[in-house]
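Asker: The lines below spell out each chain.
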Amino acid sequence: MAAEKIEKYAEDIAVTESSTATRTHAIDMNNIVDTAVDMKLANEKTCIAVSNFSLFYSGKQALKNISLTIPEKRATAFIGPSGCGKSTLLRCFNRMNDLIEGVTTAGNIKLEGNDIFDKSINVADLRRRVGMVFQKPNPFPKSIYENVAYGLRIQGIKDRRTIDTVVEKSLRGAALWDEVKDRLEDLAMGLSGGQQQRLVIARAIAIEPEVILLDEPASALDPVSTLKIEELIYGLKDKYTIVIVTHNMQQAARVSDYTTYMYMGEMIEFNDTSTLFTNPHKKMTEDYITGRYG
Amino acid sequence: MQSKIKNWLDSGAPFVWLNAGAVSVSVVMVVGLIALIAVRGLGHFWPSDIAVFDYAFAPDSESSQLMGEFIDEETVLRARAGNPAYAGATIKRHLLKTGNRDISGLDFSWILDAGIKHKTYPDDAMVVERREWGNFYGFLNSVQLDGHNLQNNATLWATLEQAITQNNAVFDEIRYIEKNLIGGINYKMEKLRLKERELVLKEENTPVNLQALIAQREALQLAYNSHTATLETLYATLNSASLTATTADGQAVSIALSKVIRVYRPNAMSLPDKVLFYFEKFWEFLTDDPREANTEGGIFPAIFGTVLMVIIMAVIVTPFGVIAAVYLREYATQNLITRLIRIAVNNLAGVPSVVYGVFGLGFFVYFLGGSIDQLFFPESLPAPKFGTPGLLWASLTLAILTVPVVIVATEEGLSRVPRAIREGSLALGATKAETLWRTVLPMTTPAMITGLILAVARAAGEVAPLMLVGVVKLAPSLGVDGNAPFLHLDRKFMHLGFHIYDVGFQSPNVEAAQPLVYATALLLVVLIIILNLTAIRIRNSLREKYRAAEQT
Ligand SMILES: Nc1ncnc2c1ncn2[C@@H]1O[C@H](COP(=O)(O)OP(=O)(O)O)[C@@H](O)[C@H]1O
Ligand SMILES: [Mg+2]
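Line order of the protein sequences matches chains A and B. Numbered according to the numbering used here, the first sequence spans residues 1 to 294. Numbered according to the numbering used here, the second sequence spans residues 1001 to 1552.
Where hints are given, some of them may not hold.
Claimed, not checked - Which bits of chain A does chain B cover? Going by a derived footprint, with three or more residues having C-beta under 8 Å, they are:
(1) 93-107
(2) 128-135
(3) 149-155
Hints listed in this document are in silico derivations from the structure and should not be mistaken for laboratory results. The C-beta atom is built at its ideal place from N, Cα and C for all residues, glycine as well.
Put together the whole structure using the sequences plus the hints.
Answerer: Structure (structure tokens):
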């Protein structure tokens, strides 16, 4: 009995020791990797720069002092356990959180050098530049055509020919054209979930934004549709800055160039995607991506 | 045994029975009500056979000949029948429509079953439907046409029918001239008078200005003269013809054909003839003006007035209610005050409607209407134009009566539009107003229409407030006609609900009015059902479109 106890104790010590060792090792790695990311980022143009940003929901802090740069024409993924503030951060980029009562912020977020919370910023203009795709497909109860044309009509464009061209181009851009070209006047709700989500992406790219925010765009879809959406996102990053929230790490690995790991409202690690997944320099990140989290 | 009952109670069966029972009672009541008014109302237009018989009101008294339609029968206690001389504890008696009000003073009488003898239905018994004094029942003797006296001729009946058809065509022409042409001239004359008065009030009545008016007036006068000349010749042709007939008791009567709408011999009519006649009469009921203090003729002005008022009300109440609901739900901060407003709006729906009538009379008619008259129509004073009950004020009063329903329904619809859809629109750079206008409001239309359905159903059936703010027993002209500005919001109008009350309770001729009350009630119910069904169909097709979107 006593012998067993001692053995167990020894084991515990060993575990503690080894984890301390890894941590020391990680700290060493940290500096090296950080420099590598910085060097890589130095070659990128910054699209969105978040500095010391905090957000409170009626006094409850949801984002804690986040600093982050999102490079232009790259895909950046936010990963992290549910409730860690990924959506909250994403929704700051197009000021969607303005709609929620009691939200207060500190710090700033700059889009191409301009503070998006500045008084002189027109929120509607900002949202034209920063498009968004939501978790559940949310097409309007209108025809497929009208869904894609919506943003143009909002901008007061009436010329049928212009709209026709943009609708076709956007649907092609969202890899949906061939599937819907014969039924543009049908209600969008008749499409499958995956098609609806691609329609929503087409709707977003129709107004030629600079940034597209995607909040778990494939989480409500079947695997085949998910794959299609991923391919689409992969293709879109040539033209747009992509920020994608996902809880699916394979997805993040497949589509993104950079990945941010968040936990409890804090940004734990921001890294080049391949490094983050193969050689994370924070213990918490490693725990999370190897599934030891929680 | 005890456990059996307990089992039965536990099974929930009694509750199911109770529910089913309640539903059946409701269905039976609704169907029964509609069936009752349908049977009572629709039977009125059927050409019943004319009975001719000898009648003695006591066994030993001398009998006289009577003719008429049997309308109703009942068996009553002796005393209630006025202790007649016939034997029996209870007495069977019939309600006979004898017509000939101009001769006997009454056109309905109760007769005792025991006194009827030698009842026959002769083929030549004739009904003359007249423009005045109600129906005449008798036998045709002769026809006076173009100064000739036609008698005992095999083609006498055909000649008479033909003459009446011709006469009616002339009559319609006269009515058209009187109502539309001369009515239009009078309307323009009145306008000229007001214009002159206006000039006087503004002290611009210079000879030049007046001259223009005088010229117009002379032109109108000329047109008027030519119309009256036409009318005179038309009246002359009408009045030249007449018919003579004998009543059941042998009295000879002469009736001018200008007073006759139609003649028919129901006993000689075949079933298809009767069916045809029935629909003709029913059509007349729907499309004609009322006659004889509303107890005869049609109810077209009442149908027209009801529909017009409901439409104007809908046009007012929908935008108003929707805007209020949008503000309450989308823009106002949700706090104690908005809650209080919401409670107040809901309670407004429960205020007795006559209170709205009083409010409408005091505020709309006297205050608003009076001010409008002073400001814009000083020339027609002291006769008020808008400072008197009328179509506009009635519609407005009903609009405030029904606006809570529209607000509540629209708010409910707005709250059902999912957040995701709104965010989707905002994320595309739409402002809040654009999102509302292009996405949220279209998705709310089914709810708005639901509100409108409830509002229309309530407004079409209201009577009490209307009696104060615009409904009359008999409106000389419709709210819409050929005189500019075509829609006359200041006019008084007739209404089916009020018509029921008026015919049923204010009529001097109760028996004649009764079937009309049922027929009008049926029509009002049918009208409301039609209005509702139309709205429901529109709503359902819209709802189909938005259902899928509401589940996101
Ligand atoms: N509208 C809101 N009001 C209050 N708290 C919120 C609201 N939205 C999110 N939160 C809180 O903020 C935190 C972050 O949420 P979210 O950004 O949605 O997480 P994630 O997208 O990473 O799952 C959570 O604790 C959540 O409960
Ligand atoms: Mg989220």
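Asker: Now tell me if each hint is right for this structure.
Answerer: Hints, one by one, checked against the model:
1. 93-107: holds (count 3)
2. 128-135: holds (count 4)
3. 149-155: The restraint on the stretch 149-155 of chain A holds, since 5 of its residues have a Cβ under 8 Å from chain B and three suffice.
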